[in-house]
Amino acid sequence: MTTTVTSESHREITVNGLPLSVSPNHSLIQALWKSGHPHFKRASCLEGVCGSCRMMVKYRGQSEVRFVLACQSDVETGMQVLFPQHLEKESSALLNHRYQLSSSDAAEQRLHDLFPQAAHCRHCHGCTIACPKGIDVEKGVTLANEGRLKAAGDLFINCVMCDLCTTSCPENIAPNYVALFARRTTAFNRPLPDNLAARLQALQRGELTIKY
Amino acid sequence: MGNGTPLEQARCEYRIDLNRPQRTVEKEYAALLQSFHPDYASDNRTPLTIGANRHDPCHPQLAALLQSDSPTDEQTLAAAEKIETEVLVIGAGGAGCSAALVAAESGADVLLATKLRLGDSNTIMAEGGIQASIEAGDTPQAHFDETLRAGHHCSNKQLVKQMVLDGPAVIQWLIQQGMQFDHDQQGNLCTRRAGGTSADRILYYRDYTGLEMMRVLREAVRQHHKINTADYSPAVELLSNSGGECTGALLYSIEQQKYCVVNAKSVILASGGLGRMHLNGYPTSNHVGATGDGLVLAYRLGAKLQALDSFQYHPTGLAWPQTLAGTLITEGIRSAGAQLVNSHGERFIDELAPRDVVCAAILRECSEGRGILLASGRQGVWLDTPVLEQQQPGMLAKHFPKFISLCDKAGIDPNHSPLLICPTLHYQNGGVVINEACETTIPGLFCAGEVSGGIHGKNRIMGNALLEIISFGRRAGAAAAAREMSDNTERSLAHLERFRHERQQHNINNSGQQGPLLFPHYASFNRESA
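Protein chains in written order, with my numbering: chain A, 1 to 212; chain B, 1 to 530.
The shape of chain B in the complex, shown without the other chains (with noise of 0.2 Å):
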């Protein structure tokens, strides 16, 4: 590691500079990620030894995660209190709400559960805003194609076709929940560009697009006669019967600290990231829930996962203070006229270059002795946004309120001062395998959101997951509820018994870890204790 200037000194030399110098043009990213992104770095790739992606490449961390044993056994299953509904939704993100409104809409009982509250979520984070091409100069083969181009081709094109195609129609339905955005003067909705992209496509109601879909996607839920949920109710086991399709959940309440088994039709998961699993030690923006849990539950019981190796690593979390690190400062800000800095005073890298490119030119200055150092020994860049408030005065007030109110609790000034940034552990890009009506490889059992996968490829364009999870939430819904009822209603856990076989063969141990991990281990969660 290079040494960085310390963060007082940078302070002091950091300058206003409307004309900063660009130090180079890259014209091919390729060596740049191979040299130091964290995906491509060979000890964060370990293949997987058993389950049904035996042999591919996963991370080291989540390896031993998705490998690990469960605390459940037929015991604390005969114990259980039982319940029916027609549709179990795991989860109540956008994804989750989305798809437990379909679902109920089209006449099916849904029981909606999960961890935390009914919208605790990465949803209700997002600040960026949500993609579809409605502008008159984009066409939605752009939006395709630039989205298949970010993610280095390794999409699924039929999934990203339909997203895409869907676009318009999920910001109309968005829209009939009673979801605003921001509009011009015509009265036509503003739209901005995201990083990697030629067009104007973000759409956005200020910096809390999230904020805003969850408020109105947790009304609209808990409106609807149809749909029961469940609070505190994590599921820590999927179940199946002996055609092998999957029949319901194992919920532990946290509240009433005992289980409960749900029969179900369906099932769908809906459950998210794994931030919280801090990989390589990296802070996260994810909220306190995203522990990964669905890729654990979906993999013991035999689903097909994919592109378990690669993971969006956000360009810009505060790096300073140590109290808010981690937290994200929405690609809005350099998408209005930003700059990423360095100690020299010079700009690296296109700000709107792809997000896993700009994270690893921030990585390569930091390791190059281009960075700010913090006592800590962690190293960052500066966000320029003083030169985006002489530019355009008033704007950061006007359009970033949660940004402002960041800085606030911070105490930085941003018309005046720059923000010490560095990568922050995002968003995970790859997931269950689905098709286009979110089916996983387990009849019974469907994906929405981003504990899915193969839309993204190996990194995500800012905007995407807001519009994949109601595109995909309300066709999983949908596909749910129209599912027929299987004749072969039992509930056991036989998947967990061939899991736990496999394991044995060879030799997994991992010294005793559990999944899933429902917490962070600095949450001191204890299923017994709870």
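Extracted from the complex, chain A is given alone in its bound form (with noise of 0.2 Å):
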């Protein structure tokens, strides 16, 4: 038979200040379900994509507190969690972007016209830092601030749409709202593929029926 952690075992944890003890072997989402505390909200894929359960964790031994995904993070004796609990109608306060995709060929001027504090970026890496998934936050403004939009985009294959770095930049720019802009319109923009092309072509014509 394997070993594996004795379930009698307990992490001693603490959330939002208060003490709890919690088991083992369970993500942070799932050890917070199990000691029964409430936290069904701020969960839904619990595959780290949807960006939903993040929260501050510091640990034992650590100075810097981080920005985690809940439902990615093992649960650590002396691990300090806090919910950030604004986050939310902080991001939405931010976001008065909007647009419609178009195929105007100044797409780098669009960007500017919507995100204009784009420019502005003070290259402190805040928005780097808090990325939960790794991103060159800060790389992808640069980016998109020279106009180098398909660059921009793809840096961002691993977003989530978190909001976490649009809520730590000094000077309000949202930079996953900048990358999804650079990222649609690069897909926008794009002659239509060939081997798609022909088959609509075709379904048009009427050429292609399914009889049964």
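In case anyone wonders, no lab produced these hints; they're calculated from the structure. Watch out, some of these pointers could steer you wrong.
Now the in silico label distances, taken between C-beta atoms and shown as ranges [unchecked claim]:
| no. | chain 1 | residue 1 | chain 2 | residue 2 | range |
| --- | --- | --- | --- | --- | --- |
| 1 | A | TYR99 | B | LYS27 | 49 to 59 Å |
| 2 | A | LEU82 | B | GLY345 | 40 to 50 Å |
| 3 | B | HIS501 | A | GLY36 | 35 to 45 Å |
| 4 | B | GLU105 | A | ASP136 | 51 to 61 Å |
Glycine is no exception: its CB is placed at the ideal position from the N, C-alpha and C atoms.
Put the complex together from the two separate chains, hints included.
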């Protein structure tokens, strides 16, 4: 038989300052559920792709506070956990860009018009440090400012839109939305792929039917 | 149950082998499914006693929920705040968002209400890709035939035909929303093959197809001036008029802890599936909100459902470590060349057979002593990724970033070690009966996505879920926006009275269970003290 950590042992953590004894071999979200701690709202996919379960964590023996996705974080004794309660409201207050995608050549200018704050980046690395997915967010902003939209967008393949970079920016830049604009514009302006175009035309000509 | 090989021992015995023997090759799968697939076990089926599907077979856990009482009464309704919209969309995954976008484009005022946040859904977790027949060697007819065959010929052919023919236009629409797909060097869309199919028909963006789709649709919805969104606002009851039409819904705001009546000329239910009911105690690949709410609401309103005893257990859910049990490993990895291997080092099934067959084959290995045993008593088999990496070095890192990040999290190096997997509850094959315009049997109520039924028969193939949600989501949005407002704008719980009367007549009490569930029991959600 295999050996595992015995289930009798527990991990002592604090959650919003309150001590909590939780089962090991669990993610932070699972541990909170198991200990009866109501935390049903800020969790969804449990796979680290929805960006819902953002928490601030300080590990024992480490001096800095980090942002993590709680579904992707194991519980450790001495862990201090804080729920950043107002992130959503704060980030939505920062979001006032409105656009429809269009096939204009002036995408770079549109980016500056939609996100005028992006040009004010003070290169403090706050956004990059805040990113739980390890994206070089600040570099993405720099590339976008230089008009290199595809390169900027490509840095954000792993982005889960958790908005932590947006709430961390002292200049109120919304880096993940800048990158999303860059990504969407890139996709929109790409020529229609040949294999797709050929099939759409064949369907239009009524050449392909389904019989049963 | 047979005895498997303990995990540590199996790990020591594992060797990379490019010429692994295939134990047996089945000519037909019926006996395998009959003996080992959970759907075919007789205790996983019970007749419903009330409602539009009375006497129809249903999974017992779902039957108890469908026939459960509602905590809602007339007083709740009377005290609730009232708001108006033209189209109410319930659920904000891929189907809900595409429905909302098209309804709004058609000129309707839309309220998009969701239990969690805009985009929190199973869509965002979809990895493998989306099916659309676009390659020269492939035809819509083949896509149609293979969808039907994998579903054991239980699909509504008209719905499948419409979806398949929609495929290429769905991809074009997604690109117009700003969604990226992987391209080859000539600028063609990349394609790969799904289990149970004969042609390369899966389009994808890395193994983040759903995430990319949801990022884009979420932003498009947020940008649209005719769409209002309500987060943390699950629907807890639908509303009807005396003519039997659906006229709106009762929402519960988790944040404000109060109810709200929404009056709408059309309601689109796009609330997804039920993996978090953990049928038969299975782990699930589904998101936290997948608790079957839509089926419960529609059934109480009198809507006809179908195939309530048919579920997809995805063959490759991660079995170890326990923290991540149930997490999906995309079929794309088997499509690329990873193999399924038992504790004897044998392959035991065509890895790209239909999902229900592969699932049954894995369960057979486990029950006949060729599985790998965990301390918890659960069993699994190996997903042999090292063999893929040997044959195509760099393939995993390049095409499967989500998988690599899962392996990092699990502390497994997939280039050198196989992963222990077992089936995970993945998808509800049946659902609410719809026609080509996504209308249900209740006027005013439309359905799109996993909550609806009829498309996948008794087994879905990879990539047809993402196609379905956009194909039918867009159609539901258009049809709901075009519907004429009924003269009778009454919003009542008359249907609930009828439902309760039926419960009483048939002595249904199921120990006080109430529905919809909204959250799995372990999330400790309580409507009154949220």
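Okay, the hints, checked on the actual structure:
1. As the Cβ distance of A:TYR99 to B:LYS27 is approximately 57 Å, the hint placing it in 49 to 59 Å holds.
2. Range check, A:LEU82 to B:GLY345: about 48 Å between beta-carbon atoms, so the 40 to 50 Å window is met.
3. In this structure the hint that B:HIS501 and A:GLY36 lie 35 to 45 Å apart at CB holds, the actual value being about 38 Å.
4. The hint said 51 to 61 Å for the Cβ distance between B:GLU105 and A:ASP136, and at roughly 36 Å that hint is violated.
Of the hints listed earlier, the one the structure fails to meet is number 4.
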